[in-house]
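**Student:** Protein chains in written order, with numbering that gives the first Met the number 0: chain A, 0 to 483; chain B, 0 to 492.
Label pairs and their calculated CB-CB ranges: (1) A:Lys372 to B:Ala83: 50 to 60 Å; (2) B:Glu336 to A:Tyr103: 30 to 40 Å; (3) A:Gln61 to B:Gln388: 30 to 40 Å; (4) B:Asp341 to A:Asp142: 15 to 25 Å.
List of simulated lysine to aspartate or glutamate pairs, EDC-like, C-alpha gap at most 16 Å: (5) A:Lys138 to A:Asp40; (6) A:Lys147 to B:Glu342; (7) A:Lys104 to B:Asp373; (8) A:Lys147 to B:Asp341; (9) A:Lys147 to B:Asp338.
Hint data in this document are derived by calculation from the structure and do not stem from the laboratory.
For clarity, every value in this text was computed on a predicted model and none was experimentally measured.
Using N, Cα and C, we set each Cβ at its ideal position, and we do this for glycine too.
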Amino acid sequence: MSNLVEGRTGEWEVVIGLEVHAQVASNAKLFSGAPTAFGADPNANVSLVDAAMPGMLPVINQECVRQAIRTGLGLKAEINLVSVFDRKNYFYADLPQGYQISQYKQPIVGEGVLRLDMPDGTTREIGIERLHLEQDAGKSMHDQHPSKSYIDLNRTGVALMEIVSRPDMRSAAEAAAYVRKLRSILRYLGTCDGNMEEGSLRADVNVSVRRPGGEFGTRTETKNLNSLRFIQQAIDYEVARQIEIIEDGGEIDQETRLFDTSTGTTRAMRSKEDAHDYRYFPDPDLLPLVIPQEEVDELSAALPELPDQIRDRLTGEYGLSAYDAAVIIEERETASYYEAASAGRDRKLVANWMTVELFGALNKSGQTLADCKVTPAALGGLVGLIEDGTISGKIAKDVFATMFETGKDAAAIVEEQGLKQVSDSGAIEAMIDEVIAANDDKVAEYRGGKDKLFGFFVGQVMKASKGQANPGMVNQLLRAKLDG
Amino acid sequence: MSDLLSLSAVAARAALDSGEISAPELATAYLEAVEQTAPLNNYVAVTADRALEMATASQGRIASGDAGLIEGIPVGVKDLFCTAGVASTACSRILEGFTPTYESTVTANLWREGGVMLGKLNCDEFAMGSGNETSAFGPAINPWQGADGVDLVPGGSSGGSASAVAARAALLATGTDTGGSIRQPAAFCGIVGMKPTYGRCSRWGIVAFASSLDQAGPFSRTVADNALMMQAMAGHDPKDSTSADTPLPDLMAALDKGVKGMKIGVPSEYVMDGMDGEVVALWEQGQAWLRDAGAELVEISLPHTKYALPAYYIIAPAEASSNLARYDGVRYGLRVEADSLDEMYAATRAAGFGEEVQRRILIGTYVLSAGYYDAYYLKAQKVRRLIKQDFDSAFETVDAILTPATPTAAFPVGRKVDDPVTNYLNDVFTVPANLAGLPGMALPAGLNSDGLPLGLQILGRPFDEASLYSIGRVIEDAAAFSAAPQHRAGGAS
Chain A
0 MSNLVEGRTG EWEVVIGLEV HAQVASNAKL FSGAPTAFGA DPNANVSLVD
50 AAMPGMLPVI NQECVRQAIR TGLGLKAEIN LVSVFDRKNY FYADLPQGYQ
100 ISQYKQPIVG EGVLRLDMPD GTTREIGIER LHLEQDAGKS MHDQHPSKSY
150 IDLNRTGVAL MEIVSRPDMR SAAEAAAYVR KLRSILRYLG TCDGNMEEGS
200 LRADVNVSVR RPGGEFGTRT ETKNLNSLRF IQQAIDYEVA RQIEIIEDGG
250 EIDQETRLFD TSTGTTRAMR SKEDAHDYRY FPDPDLLPLV IPQEEVDELS
300 AALPELPDQI RDRLTGEYGL SAYDAAVIIE ERETASYYEA ASAGRDRKLV
350 ANWMTVELFG ALNKSGQTLA DCKVTPAALG GLVGLIEDGT ISGKIAKDVF
400 ATMFETGKDA AAIVEEQGLK QVSDSGAIEA MIDEVIAAND DKVAEYRGGK
450 DKLFGFFVGQ VMKASKGQAN PGMVNQLLRA KLDG
Chain B
0 MSDLLSLSAV AARAALDSGE ISAPELATAY LEAVEQTAPL NNYVAVTADR
50 ALEMATASQG RIASGDAGLI EGIPVGVKDL FCTAGVASTA CSRILEGFTP
100 TYESTVTANL WREGGVMLGK LNCDEFAMGS GNETSAFGPA INPWQGADGV
150 DLVPGGSSGG SASAVAARAA LLATGTDTGG SIRQPAAFCG IVGMKPTYGR
200 CSRWGIVAFA SSLDQAGPFS RTVADNALMM QAMAGHDPKD STSADTPLPD
250 LMAALDKGVK GMKIGVPSEY VMDGMDGEVV ALWEQGQAWL RDAGAELVEI
300 SLPHTKYALP AYYIIAPAEA SSNLARYDGV RYGLRVEADS LDEMYAATRA
350 AGFGEEVQRR ILIGTYVLSA GYYDAYYLKA QKVRRLIKQD FDSAFETVDA
400 ILTPATPTAA FPVGRKVDDP VTNYLNDVFT VPANLAGLPG MALPAGLNSD
450 GLPLGLQILG RPFDEASLYS IGRVIEDAAA FSAAPQHRAG GAS
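When you get a sec, could you build the whole thing from the sequences and use the hints?
**Tutor:** So, in structure tokens, the structure goes:
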């Protein structure tokens, strides 16, 4: 699959790297005990440390450290047993300390890798350069007063993981797939809720274009994109803009750009020359962060199974299609539902029932798996009834609809409504005889060579049985009667 | 009255416990002393009501047998410490009117141990200075006067603390020492000052100057009082990530251990050009006292000493430039309104920070800037490691190090204020201990020919404050320093 973009002067290769800011799932902030709950009143979740009162000192929240390690392990990355917190100095009204505590030269997590499963079944490996812990800033509100800005420090000091990829992506679709996959891993690990609308996951995208296989072009960075759609729009816009500039004989300025969600375009925020000098230096209020190897080992042993492992089992051992596997593993809850429902059943059949019927019904009713009345065991039971011939697939759909509404067991519904499949050859033969007797003309046509009419007879028999006749037996017996 | 003021803290504790004196009596005597010595400008706020309340409460605890280590002892607090409900300004206009809702760990420890708060003491603005001349409240004055009757600085930055203790306007006082800010004023005022090992006292609630160097410590008139206060204020604090979880030994027990068999190092690099001959003579006298008391004096080398001051004047301003960024007019303290955020910052910080603070912010910002970081900040950190290594290897052979506390005695107010570099040289003997994180004590050892006190400094291994108290006590006994400053409460007798 070629990702090259056709310009006026030939083909262009797109080069994309992402910096994802993922809010660490933790009850308290990175260096203060203040809560992190979303949606609190402005400035309700602010400690003396967050407000940078004189003499206040940061103390690391060890749970945030563990979350970063878990994430590093999930990205198959190197965990740095010694890392250092630095101060990134700049003035802004929603940055009370006048610096952000971040990790600059020695991050907690080093190089890792993230596997993308492309829709065509191929895989791509995207390099992870690093992951570091840092503080979030507060929020400035400029629309509350005619001449003043209001400041909300609730987010100030909340722990973020900045996850930096290598410039390994070659299209907007790959970038979106990367974020989707990263989000999925974070949610499996429970290290970030991945809620993009609430800002728990945001991305800065670095985009450049070059002639295929040539030297890297000059990149721009578009900041703070909080949806997959915006990420793709921003990349597409940047690619087109950059190609046009270069093809017109211009040069790309290395700059930071902002994305306008209403127009889907980007505009320059500041150039490289105007870039802040952040005067990074190690934060003297904090000692280097030292992690014992045993702690890493313990966290590693307790890591949940991750999407890649599950996917490999689903497409390998269980024989599912790449598509079904991708749909099932995107969320941890879905994957465990599937594992439970399909245990001891026909794995592919269960996958089919989940992705088509169950997800279809959930979509239609606006429910999530969490509110669904159909338990994994119940879905497995339904598939079991199909497998052992108790009901046909067609009847099963009706049974499922009732299950979805009432939460009842498939077997109970089949029993109550008398939907059990008819597999008694005598009864089926009797129905076939009736159908043949009532359709002399069609029988003659069929026997005269009009093979296609076979389906008509099947339909008539099934109708006569109210759908309960075993379709395989109907086929077999009908053919014997008509052809015999 | 003068009897009460002449009691040491240890003696006052005994008199309080025996019922000879009461805590409110003692507090009242000190509050009157504070008033009497007001011209020295060593207090920036007097908390008389609180002092009397605390003294009354102390008296109750003494009566019920629940007395803390410094129960009923009047204590002055450097204005760098945040004290709940009492304005805490770091003697800067930018923190004008700032009253914290919280109490620094060190002062909380002191109140827990029964200390009685007299008020907040003058200091250099944000602890940046060696003469207490950069304070927004004007200079504090040394209770000692030169022969010509000229006002002298008490040293800095904890000038108000040293001045108050020397003038008997406080029995004990807190200080902070980033480059010598406890030891140099102690020497200038003829009292005892201790900078503990970095990490010994919590920095939580102390306005930060240079986080990797700042350390709180006690001022007192005797070595024993100093040990007593140190015992009360130090301790591990989980709210300060750099606080050490190292148990504090019984410092009072160390006082009478003597120095027999101890090896005391005398660094050859501390003999400097242009050093006051009387300072050198006193240093030699100090060595003789320790030798007479059974210590072995050993010449040692601290080869990187000459780089300490330049390294300090890069690292300290670098950290300060970042630490002081929070004083931006947005949340508390001074704000000078302007049309834009950036203009508000500029106007507020120009009006709020004094000249010396602005100078250090500029230096610090410069040395951390892209293109200069490696040449200045990184190089200074390397020097810092070498200085630490110098001490590490010295302490393989010696138990402590004896040096002069300052190159000169106290200088006149205003004399050097226009020459920052000369002022910086005041810290030449004290700065290395901050860079290496070591404990250091300054104590009076004699008078110069102008009748001004000169001090000696003892440096020890990390977390070995105890040895400093043993050595300090020997010097104190040998020096028998009994001279009194011209300006002190209860008269000069």
